[in-house]
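Student: As a plain string of letters, each chain reads:
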Amino acid sequence: QVQLQQSGTELVKPASSVKISCKASGYTFTSNYMHWIRQQPGNGLEWIGWIYPGNGNTKYNQKFDGKATLTADKSSSTAYMQLSSLTSEDSAVYFCARWDNYYWYFDFWGPGTMVTVSS
Amino acid sequence: EIVLTQSPTTMAASPGEKVTITCRASSSVSYMYWYQQKSGASPKPWIYETSKLASGVPDRFSGSGSGTSYSFTISSMETEDAATYYCHQWSSTPWTFGGGTKLELK
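For the record, the sequence lines run as chains A and B.
Our numbering applies: residue 17 is where the first sequence begins, and numbers increase by one.
Our numbering applies: residue 923 is where the second sequence begins, and numbers increase by one.
Since the hints were made in silico from the structure, they are not lab data.
No incorrect hints appear here.
The calculated lysine to aspartate or glutamate pairs, modelled on DMTMM-like cross-linking and capped at a C-alpha distance of 20 Å, are:
1. B/K974 / A/D116
2. A/K75 / B/E923
3. B/K960 / B/E1026
4. B/K1024 / A/E62
5. B/K960 / A/D123
6. B/K960 / A/E62
7. A/K79 / B/E923
8. B/K966 / A/D116
9. B/K966 / A/D123
10. A/K83 / B/E923
11. B/K966 / A/E62
12. B/K974 / A/D123
13. B/K940 / B/E1000
14. B/K940 / B/D981
Derived Cβ-Cβ restraints for the label pairs, each shown as a range:
15. A/G82 / B/P980: 41 to 47 Å
16. A/Q19 / B/S986: 31 to 37 Å
17. B/P980 / A/Q17: 17 to 23 Å
Quick caveat, the model's predicted, so the values are computed rather than measured.
Even for Gly, the Cβ is constructed at its ideal location relative to N, Cα and C.
Input sequences plus hints: build the corresponding full structure.
Tutor: What follows is the structure, encoded as structure tokens:
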């Protein structure tokens, strides 16, 4: 069965960076786009971008250009998102979500990684 | 950027009551998608391509609409339907979500 396991809660300082992971299992990692989505406290969902692990291609929401960097490691079936120059605005839960190639929606989501930016 | 505006933002319904949520797009989109999120959990796919139910979704749910106006309906509210529902479009980049409608049990 498809599973997406995300790394644990992060407490980080302003101006620093953090790299969170999303380990996929139960399917061919290189065959599906992996998206990242942000949910700020009490707020809705915001699309950050996607990576295609098969070739490493990425696409970002312009809002996150320079903020988020998406990578993928085929050998470990793990997608990563690095967030840089963190501010309190980046405090949020970050989800990875697999894109279904047939029905064209986010069919499986990770449990989310909470990032808190605080000095 | 296409802005999706959901209404209402919160509502309460009694068991058996019909529920309708609307999602208006600032520009025309090809299809609307809906996700259900319960407190502390990840979103789940609920409706895709405007009106098709995702796997396991009960048939009391339905979706309709076109262009800039879409709706999401529960024909008869059940306890388990209490959640926040988000509409979503990927017709245009950046992909966007509505602000969510929190549906509570009355």
